[in-house]
Structures are given as structure tokens and as C-alpha cells.
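There are 2 protein chains.
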Amino acid sequence: MTISSAEMQSVLYELFLKYGFSETRAKILADTHTENTLMGVNSHGVNRVPAFINLVRKGIIKINEEAEPVDAFGSIERWDGRYGSGVINARKCTDRAIELAKAHGMGLVALRNTNHWMRGGAYGWQAADAGCIAILFTNTQPNMPPWGGRDSRIGNNPFIVAIPRAEGHVVLDMAISQFSFGKIQEYALKDEKLPFAGGWDENNELSDDPVELRKKQRGLPIGYWKGSALSMILDMLATLLSAGDSTYKISQKEEETGVSQIYLCIDPGKFSDPNISEKLLNEIIDYTHDVPPMNSGDKVYYPGERALMNRERNLANGMIVDDKIWREVMELVNQ
Amino acid sequence: MTISSAEMQSVLYELFLKYGFSETRAKILADTHTENTLMGVNSHGVNRVPAFINLVRKGIIKINEEAEPVDAFGSIERWDGRYGSGVINARKCTDRAIELAKAHGMGLVALRNTNHWMRGGAYGWQAADAGCIAILFTNTQPNMPPWGGRDSRIGNNPFIVAIPRAEGHVVLDMAISQFSFGKIQEYALKDEKLPFAGGWDENNELSDDPVELRKKQRGLPIGYWKGSALSMILDMLATLLSAGDSTYKISQKEEETGVSQIYLCIDPGKFSDPNISEKLLNEIIDYTHDVPPMNSGDKVYYPGERALMNRERNLANGMIVDDKIWREVMELVNQ
Chain A
1 MTISSAEMQS VLYELFLKYG FSETRAKILA DTHTENTLMG VNSHGVNRVP
51 AFINLVRKGI IKINEEAEPV DAFGSIERWD GRYGSGVINA RKCTDRAIEL
101 AKAHGMGLVA LRNTNHWMRG GAYGWQAADA GCIAILFTNT QPNMPPWGGR
151 DSRIGNNPFI VAIPRAEGHV VLDMAISQFS FGKIQEYALK DEKLPFAGGW
201 DENNELSDDP VELRKKQRGL PIGYWKGSAL SMILDMLATL LSAGDSTYKI
251 SQKEEETGVS QIYLCIDPGK FSDPNISEKL LNEIIDYTHD VPPMNSGDKV
301 YYPGERALMN RERNLANGMI VDDKIWREVM ELVNQ
Chain U
1 MTISSAEMQS VLYELFLKYG FSETRAKILA DTHTENTLMG VNSHGVNRVP
51 AFINLVRKGI IKINEEAEPV DAFGSIERWD GRYGSGVINA RKCTDRAIEL
101 AKAHGMGLVA LRNTNHWMRG GAYGWQAADA GCIAILFTNT QPNMPPWGGR
151 DSRIGNNPFI VAIPRAEGHV VLDMAISQFS FGKIQEYALK DEKLPFAGGW
201 DENNELSDDP VELRKKQRGL PIGYWKGSAL SMILDMLATL LSAGDSTYKI
251 SQKEEETGVS QIYLCIDPGK FSDPNISEKL LNEIIDYTHD VPPMNSGDKV
301 YYPGERALMN RERNLANGMI VDDKIWREVM ELVNQ
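First to last, the sequence lines map onto chains A and U.
Numbering of the first sequence is given in the numbering used here, commencing with residue 1 and proceeding in unit increments.
Numbering of the second sequence is given in the numbering used here, commencing with residue 1 and proceeding in unit increments.
Same shape as in the complex, but just chain A:
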């Protein structure tokens, strides 16, 4: 079915109010879940709402808590998320990193004890809208084996880099896994193989069969041993700077909660002429856009370009939402 962003915002706002969030918090949550869906990331937009409400009901996400600073030195700060909503904490910590960047050129907030931030790219766009470069990442529960190991002990640790640009921000938003388990499920539902290996099957072989991959959640890091090492070191940075829980500690909980995150912002306006910056960015974009395609019809996109295309299309035509998901959301509202 098709839903307009205004309708989704209004329904979700009601829902979050009903489950006890304050008006301000309910609005941030409704706006962010809607924005994520507009950008084409339903998996971390509307589709994730029922699971989020479930964690609220269980008391794992604390509706009356939000991130507070616990320590500071110059341009770096440590915050405690107090197990509040990951989205609300992420919005707040991104704002604080932007403030620090405006004051010092650069700012870093290390956040512990927070919850899933849904679509990390949302905070990249937030920083870029404020004129800041952002580097953001989070640890997660384990869902990939470290290279050479059999069991999942590293997280897919989404990693975001955002660069402000007048014609459309450049935003990389990627997990360190080659495919998310959400994406693997989509292939399974379509009865298709993955285009490349996405994890390990029960015989400890790399596999592109989504049905096999879903039996044991052992995803493949991008670049094999390279992504394995990158995932590990992102977990170390987030854990160390926030003095928070690592993927190891998160693995010992029944649900994924209390994750650790980094919000690093840089204000390029401090010594860059925006016109020159724009020219330098466009030079890189044009050079890669203009490449002859590998196969006829292929096209090269800059990071974030397709998200913007999704947004424009969804604003014009409404968002396509799974019937079953929307029914679940409406039932939660009307229950």
C-alpha cells in the first residue's frame, strides 16, 4: 500500500505518545522513522516500529531517559545514554558534536548505554544539514565470525561518513557486513540467490543461498579479513572512548541493548570557502559519474545519491509500505 509522509508521521506520533513518550520525544521518533522510510530504508523506518514498541513494553528501552554528559575534555565528551531510545539519543549527541565542531573546529561525543539508532545515515544528514562533516559508527550484537573463526563474535557495526554539499549531501551509510540479514531475507522471499557470497552455511562454506545463510546467522564482512579487522577496531574505538559495552558484553544480554557509539563532527567552513569545497566535491562526482559503464545500462552513483532519489519519488508518490507491517502499526495504535 501507499502512505504519505504526513500520514505516517501523524500515525507514528500518536503511537509513540500512546506508549508513554513525551510530545517532544514522540515527534522526534515519528519524524525519524518517517524520514528513514522516505529515504527508502523501510527496514529501519516503518518496518522496525513494532519491534521498537516491543522493546519499550519490555522496559529495555526507557521512555523517560535520554543521554546526558558524564565527562568532557575540550572537543571530546563522553555521554551516557541511560538506555533511552537510540534515535533520541543519537539526535541529541549529533547536535552536541555539531556544537563542539562549531566551537573547536571538531567535536566528538562517545555515547554508551544507548539503543539501536535505526538508520545511522539519518544523523549523517543531520550533521550535513548543519554544515558539518560527520563520521559516525555504532557497535552491535555479534552477527559475523571474525576472519578464521567459526562463531559470530563481531558486529556489522554500521559506519557513516557525511559531507555537506549544496546540490545534495554526500552520505555513506554502510554496515561492515556484505549483506544485512534483512537484505538476505528479501532474497529468500524472492527465491533468488545473492549476487555474491553473503555468509557461511552449515558446512562452513561461503554461500550465496539466502535460505542456508538464515539458518546460522554468520554473515560475511566486506573484504573478508579486511572487514573483519575493521569491525573489530570500530568496536574497540566505540567501547574505549565511551567506556561502554563492547560486542562481547552485548552478546551476553538477551536482547541487543546498551550499545556504544561515536559521533565525530568537523566544521569544514572554518577555513574552506564553500564555493571551492563544492567545486572540489563536484570534480570527484563528475569524474566517477562520467566513467563508461562496465555493462550497458550500469550507472555510478555517489554515496547518498540514491537515497535522495528515493526521497524525491516517495515525497511525490507516497511511500510503498508492506500491508502487513502497516496493519501491525495500526493495531498497536488502536489496541
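Honestly, the hints are just simulated from the structure, not real lab data.
Possibly wrong hints are sitting among the right ones.
As the list claims (entries may be wrong) - If the Cβ cut is set under 10 Å, some of the chain U residues that face chain A in the computed set are:
(1) Ala6
(2) Gly40
(3) Leu230
(4) Leu237
(5) Leu281
To be verified - Pairwise CB distance ranges, derived in the manner of DEER restraints:
(6) U:Ala103 x A:Lys253: 30 to 40 Å
(7) A:Lys253 x U:Gly168: 21 to 31 Å
(8) U:Glu14 x A:Glu202: 52 to 62 Å
(9) A:Lys324 x U:Gly168: 43 to 53 Å
(10) A:Ala103 x U:Asn203: 46 to 56 Å
Just so you know, these numbers come straight off a predicted model, no measurement behind them.
Glycine included, each C-beta is placed from N, C-alpha and C at the ideal position.
Let chain A serve as the given structure and place chain U on it in line with the hints.
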């Protein structure tokens, strides 16, 4: 043949003096090339010396220039490498980023107009030795097609993350390509296939055949489209913050020169108890080390662990150096 680190240092020091470097600069260069070889990275240690001298002779690397600051705001600075040696510029900019981190919690130096820094990990170890976390990267000439494109228009842009640790620093040092062309050459010499696809052959197919891959230098980014986007955005960050040359501009030169780099340091000691930090890091290392192996005999390493093992072995037994390379070096010294 086997060479001790003392012998290599002394020979290289003579060599760099002979080609006009000051005593201070010759020592930095000799030490860094030796250290890179000790760490097991001959390709960016002793093996690279003849090519480096060639660039010095051509005047592409300016022996009497080094990086100087051109602009500053708070914890971020922009430096100009003045086409000096990439190693000397990198040592200087890493030191400056460390200083800024000690003063502000965090420091960033964006460097333009520099030359190849050899092994990026060297500066990660430098920062970690000073108690700092470091995130460092460089752009390069194009050597991989952007995802969907046919020609190489993105660089393999080495990316380094270092974390200080009493028992041995954790240092990730990876290019964004799945395999370097140096590594692909090694497989060709051994007449072996790569373990995974490493680039595109002449029929625009992904290939694991090193002979085919060397015909057209079209490497594969880690994680296919993900590494392609990561390479692009690292180039953007380095170019924008340094107001330097992008991979596009570098592609228009006859030789790779005038690259752009980022040196970001964070001082975790500003609010972390070193004992707690060590415990948190070891928790992650132990959890991944202790994983049952995928195949009997497999072992999981933390990033940088094998470099340290190489160093210990090479310090004890001397470094194994290709006879032909060492002969070339000695000829350059005695010419």
C-alpha cells in the same frame, strides 16, 4: 638474503644523504624504510627505495621541502606538503596531530601536495606510541573502477586506525582494494590464483587470475559497491579538508604526486583510566581470539598482531630481503 636492521638503517642513511637529504631527513627516511621492512611490509620498505630515489632524481620529490602549516582553526589545521618526501611530511603531520590532541582532546591535520607515505601504518604506530588513537588516510592515483564503471577512477586510498595498548598497539592498516597490485604480482610469480576475485579481466569479468588482472589495472574494492563508495568519500574528505588534489587531479599527472591526506588523533587519556581501557580492549581481543576456528589450524588475529610478530622475528633473525632489490640499493649507494 638476510639483513639486520642496523645494517639496513646504516646503508639507507648513506643512500639518502648521497641523494641530498639533510642528516635529520636522511635518518627519518632510513629509520622508516627499515621499520616498514621489520614489520614485514617489504613492498613499502626496502623494495620501494629504488623507485623513491628515481622520483628524487626526477625532481618530483623535493629533497629540501617539507610540510608547513597554511591555515588553522582550533583543533584542525591545514598543511601544505610542498612536494617534499611523503614519509617526512607524514612524520611531521602525525606529530602535529598528536600535539593538537594533547591540547584539545582531538587534533586534525589535513595535508595537501605531499608524496607517497610508504606504509601508512607507520604513522598509526607513531601516534599509538605517543598514547593517541589515530585515524589516517590518503588518496592515491586511480587503480579501481567505481562500482558499475569500466575504467579505474577511484584510488585504493589506504586507511589506518590505531589504538594504543600496553601489550601491543592495535593497528588496522588496509587499502580499500581487496588485493594490492604488489600482492597480485606475488601470486603471479608463484603461479597461483588469488583466493578470491581481485579485479576485472579484459572481458569485464571479475577474476582471480593474477596474470589477467595485471594486464589492465582494474582492482576490486573491498565489499564491491561498499568499498567503491568508501574510497570515493575518503578522497572527498582528504581533498576538501586539505583543499588539495583529488584522485581525479592526480590521474592527470604523469607520476603519482601531490596526494592529499588526513591525520586525526584523539587522546583517550583525557578521560580514560589506562587500566580500564586496557581491560576493555583485551576483552574484545580475548573474545575474538578464543573463537573456535572455521577450519582446523585457523587462528584469529587482532589488527596489527601479525606485524608485531614479524617485527620480533625479524629483529631476532634479520630481515629476508630480495637479492635483486638489495643489489639495486647497493648500486645506488656506490654509483
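Hint-by-hint comparison with the structure:
{"no.": "1", "hint": "Ala6", "in the structure": "violated (32 Å)"}
{"no.": "2", "hint": "Gly40", "in the structure": "violated (15 Å)"}
{"no.": "3", "hint": "Leu230", "in the structure": "holds (6 Å)"}
{"no.": "4", "hint": "Leu237", "in the structure": "holds (7 Å)"}
{"no.": "5", "hint": "Leu281", "in the structure": "holds (6 Å)"}
{"no.": "6", "hint": "U:Ala103 x A:Lys253: 30 to 40 Å", "in the structure": "holds (39 Å)"}
{"no.": "7", "hint": "A:Lys253 x U:Gly168: 21 to 31 Å", "in the structure": "holds (29 Å)"}
{"no.": "8", "hint": "U:Glu14 x A:Glu202: 52 to 62 Å", "in the structure": "holds (60 Å)"}
{"no.": "9", "hint": "A:Lys324 x U:Gly168: 43 to 53 Å", "in the structure": "holds (51 Å)"}
{"no.": "10", "hint": "A:Ala103 x U:Asn203: 46 to 56 Å", "in the structure": "holds (55 Å)"}
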